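S.K.: Here is what each chain is made of, one letter per residue.
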Amino acid sequence: MSTAIGLYGVSFAYDTEEEGQAYALKDVSFEIEKGSFVAVVGHNGSGKSTLARLLNGLLIPTVGRVKVFGYDTCDEDTIYEIRRRVGMVFQNPDNQMVASVVEDDIAFGPENLGVEREEIIRRVDNALASVGMSDYRKSTPFRMSGGQKQRIAIAGALALCPEVLVLDESTAMLDPKGRAEVMGVVRRLNREQGITVIHITHYMEETLDCDRVIVMDGGSVALDGTPSEVFGRGEELKRYKISPPYVTWLADALARAGLDIDRAIYTREEMEESLCRLLSKD
Amino acid sequence: MRDVAFGQYYPVSSPIHRLDPRLKIVFTLLYVVTMFFVSSYTAYAVILIFLLALCGFSHIPPSAMFKSIKGIIILLILTSVLNLFFYGGETSVVWQWWIFKISPEAIDSALKLMLRLILLIMGTTMLTFTTGATELTDGIESLLKPLNLIKIPVRDLAIIMSIALRFIPILIDETDKITMAQKSRGADFDSGNIFKRAKALLPVLIPLFVGAFRKADELADALDARCYNASPKRTRMKKITFAVRDLIALIVFAALVAFVFLDKYLIGGADTYIVKLFNIIVEFFKGL
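Order-wise, the sequence lines are chains A and B.
Note that the first sequence covers residues 1478 to 1759 in this note's numbering.
Note that the second sequence covers residues 151 to 438 in this note's numbering.
In short, the hints are calculated from the structure, not lab data.
Among these hints, one or two may not hold up.
Stated by the list, open to error - Within a straight-line C-alpha distance of at most 27 Å, the following computed DSSO-like cross-link-like pairs (lysine-lysine) qualify:
hint, chain 1, residue 1, chain 2, residue 2
1, B, K295, B, K327
2, B, K383, B, K327
3, B, K295, B, K251
4, A, K1654, B, K327
5, A, K1615, B, K262
6, A, K1615, B, K383
7, A, K1544, A, K1511
8, B, K262, B, K217
9, A, K1615, B, K389
10, A, K1654, A, K1615
11, B, K365, A, K1654
12, B, K295, B, K383
13, B, K333, B, K346
14, A, K1615, B, K365
Since we're looking at a predicted model, the values are computed, not measured.
With the hints as extra help, turn the sequences into a complete structure.
M.R.: Below is the structure:
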């Protein structure tokens, strides 16, 4: 598998008035494989959002390089090529829509790129179908639920025909139903259209069926691995102020209490199975 | 959400809704100008019939159109009353008390002013009733295109306008939320004199503005992320085209404007002829 996005020794500092520069990211390096589904977690101030904005050149690293499909985000000539390939969905659905009508909002991206009219219409159709919102083409986002608005925002990014989709805490402001809607759409896009997804979140349940979880802490990568590798660490997670999914926490607690149970349990089904096995053993 | 009177759109499908927005904008501007040349009651009646026909074709209930004058009713009464008592022209006074005079000329003038204002408001609301915000901005963008030649960024202006329209309901919503939050903490917005009330609004306005700036910041990122300014040749999904129905609308509207001007400058007010005609008919029946 080839690399979609690579960070090489990236640091990023904000200018602050009092202390000069404050580092939001310190020497972060990792590569993201094409077609993978990666979750980035971490408590507030861990550098998650800064990381997201570095991935499509909204921010340029102070030190180091960010390469997107071989293009360097420092290079101003190719910045739009990067932004076209890396679609981004933000936290507040209301603050990322430019038009009062759904189809006009989705057409905004391809219009900016100078895409032909017929092709724009085709892209709007496809994008709306991909997020299951075809019936809302002519309506206004104002009266929609958060989950619906966020799906429109995803469609807006999809209209650019991106290869990577970055979700910057896009589920944070949604209710459980809206979150499930958005996650369903994103998973399908990853599986069916092969779009690489980088999902920044603080809901651990959303990370369980990802290919990889990156835990950020204090501007650096603290843990990096598959969900079972990361959440199998149990107590160590507390140091990074993240709480593992409930079942994983339960497994860890049971194991500490002396039961013979695998600590790396991270779905309800696995938990049920392990408990049944334990009970039948007695 | 409170109803937003400005830019109220009546979302139905009709030939009027589908008219070229540029044409509708130009018509509305011309309509406003033309209204100041209307000189006879006949012409006012013709315009009212025109507006009612417009309602019919655009599937908008006339009552919705009449409701649009609700906002200016005080202004309407005030100007008519002032006009009635302080008419400046030559008058044949019938009733006088102190500085107040009433004359047939004053009544005529006050009545015409009132009709003019009413028809002005009703006519212009028909534009916002039948034209969505996006079409409106598209239309204005297209009309202002020549300004590109003198380096005025018309496209950016259109996007600013579109975003402003989009954020009106969001900001109103936000204001409601902040007001409720402040009320729940004991803020009092409904008592005291006007200065006290204005001062009480300060704790609403400050978070509103701070929030608006934060929104603007995020929106800027969102615009960048969606390749704003990527290509000098920005394309459009919606093409504004001039169709046959636009031509028909043009002819009808031109006829209306022509009638108003003919009525004023050639006929000199159709009313006198109608009165004459009426008198002849009366005489005719008396003769029988």
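S.K.: Against the structure shown, which of the earlier numbered hints fail to hold, in ascending order?
M.R.: Checked against the structure, the hints that fail are numbers 1, 2, 3 and 5, while the rest are satisfied.
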